[in-house]
Each structure stands twice: as C-alpha cells, then as structure tokens.
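S.K.: Sequence:
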Amino acid sequence: MELVLKITKLELKNKGLQEKLKQQKTNALLAKIEAENGKMKKEIEKMQEKMDEKVEQYTDKLEELQIKQKIFQEDHEKKLMEQIMNLHMKVDKLEMENQKQKVSIDQIEHLQNEQKRKDNAFEKEQKKIRMKMALLNSRQNYWDGYTCHNDLEITGTIVANFGTYAYSNDGSFTIDGKWIDQKLDAFQANDIVGCGINSATRQIFFTKNGWRQGSFYTVDSLPSYVPDELFPFVSLLTIGNEIEANFGPHFKYNLACQSLKRAETMDEGDNNFI
166 MELVLKITKL
176 ELKNKGLQEK
186 LKQQKTNALL
196 AKIEAENGKM
206 KKEIEKMQEK
216 MDEKVEQYTD
226 KLEELQIKQK
236 IFQEDHEKKL
246 MEQIMNLHMK
256 VDKLEMENQK
266 QKVSIDQIEH
276 LQNEQKRKDN
286 AFEKEQKKIR
296 MKMALLNSRQ
306 NYWDGYTCHN
316 DLEITGTIVA
326 NFGTYAYSND
336 GSFTIDGKWI
346 DQKLDAFQAN
356 DIVGCGINSA
366 TRQIFFTKNG
376 WRQGSFYTVD
386 SLPSYVPDEL
396 FPFVSLLTIG
406 NEIEANFGPH
416 FKYNLACQSL
426 KRAETMDEGD
436 NNFI
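This note's numbering numbers the first residue of the sequence shown as 166 and each following residue consecutively.
Rather than coming from a laboratory, the hints here were simulated on the basis of the structure. Hints should not be assumed to be uniformly reliable.
[Said to hold, decoys possible] The list that follows gives simulated cross-link-like pairs (lysine-lysine, DSSO-like), each with its CA atoms no further than 30 Å apart:
(1) Lys233 x Lys244
(2) Lys233 x Lys215
(3) Lys180 x Lys190
(4) Lys187 x Lys204
Full structure from sequences and hints, please.
M.R.: Pasting the structure below:
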C-alpha cells in the first residue's frame, strides 16, 4: 500500500516536474520570442528612422529643386519679357523712323510741288512780260520784206482767206475761206499740226499729232488764182496766242510710219481719212 502511495507520489511529483519544465520551456520560448520581437522592433525602428531621414533628405532636395526651378523659371520669364520689351522698343523705333522718313518725303514732295508752282508762276509772269514787251515793241516786229532776200519777200498783205488752202482748229477744211465737204479732226492747245506735199501724188495734206487728216487737191489742180509758189503760215485770231514752229528735219512724229499705221486702220473700215 505504501509502495503504491510512493509510486503515486512519484508520479504526481514527476508530473509536476514535467509541467514545471514545460512551463519553463514555454517561458523561455516566450522570452526568446519576445527578445527577438524586441530586436526586430528595434531594427524596424532603425529602418524607419533611416527611411524617415531619407524621406526628409529627398523632401529637402525636392524643395530645393522646386525653388531652383522656380528661380530659373522666373529668370527665364524675366529675360523673355526683357526681350519682348526690347523688340517692342525696336519696332517703335522703326515705326518712328519710318514716320520721320515719311514726313521727310512728304516735306520734299511739298517743297518740290511748291517749287514747281513757283516755277510755273514765274514762267507765266515771264510770258506776260514777253507779251507786254512784244506789244510795246510791235513796230520792231513787223515783217520788212526789203531787208530779206527775194525768196522770203512778201509782196503784199496776208489776208485771212484769199489764196489759202487751210485747216482750221474747228476741223473745217477751206479754200479761200469756203468750206469743203470734208470734216477733219478739230485741234486745240498742245496739238501738233503739220502740212506737206506728197512727192509722188503732188497732193497737199495736213496732219494732226502725226496722223494724216486728208489729201484733197494736187498742186497742179489748185485754182488759178492760187500762187504758183506755196508757203506755210499760221493765222492767230487773238493777241497772246503762241505757237512753236518746226521746219527742220527733227520732227516729233515720223509721218511715214504714222501713215502706214493709218493705212492699216483704213483697211479695218475707217473711211474718215484719205
């Protein structure tokens, strides 16, 4: 009985020891786990601190970059605005120079026009003076046939119509002042009127600004009272009228060329001229 009790006690004791050992192992394991957890926690904290430091460094660098970028952008915008302002100033300067040049050109044109007006006024005044001098000295301007050679001597007074073969400014063609059934072009100031004899047909013709105005009579068929020798002359109706005469070889119009052009025009149906 005592042996059974001893065995039972031993078993209980052994069981208690086992539980105690188990508890000790468990506690040791828990302590080890806790120690490892603490170690890991410290490592995690260190890693977190390092990460926080790096994040802070990166944040500082990012802020620094942002500041630099902002400064660069502001400088760039400032330089760009300066360039734009300089460009505007250059454009304004060019516009001012162009305006000054335009004003100078306008002034030059105004001065030229003013000088031209003065020249025209001076020329008109000179013409008036010449006309007055001509009227004052008109006796000196009479034709004196006795002082000229025979070919230029005028044997009598030139009258308006007698013995004339004429082209009047209203376009009428007359012989002795009698109108002939032929209407020519009227002429006025600045027109160039000419006359001549066709050497082939011996017809007398007139021209206006180089164009043939008609040929009516040959020299041989003129009325008997017309002198054998014909001379061109101009009758001016009012005092102060002026003409420019040219009896030399250098004419403004080439009558031969103009006659060819007129012939081509006639072929196209223009029958107003002979």
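S.K.: Run every hint past the structure and note whether it holds.
M.R.: Verification of the supplied hints:
1. Lys233 x Lys244: Satisfied, since the Cα-Cα distance of roughly 16 Å is no more than 30 Å.
2. Lys233 x Lys215: holds (26 Å)
3. Lys180 x Lys190: holds (15 Å)
4. Lys187 x Lys204: Holds, at roughly 25 Å.
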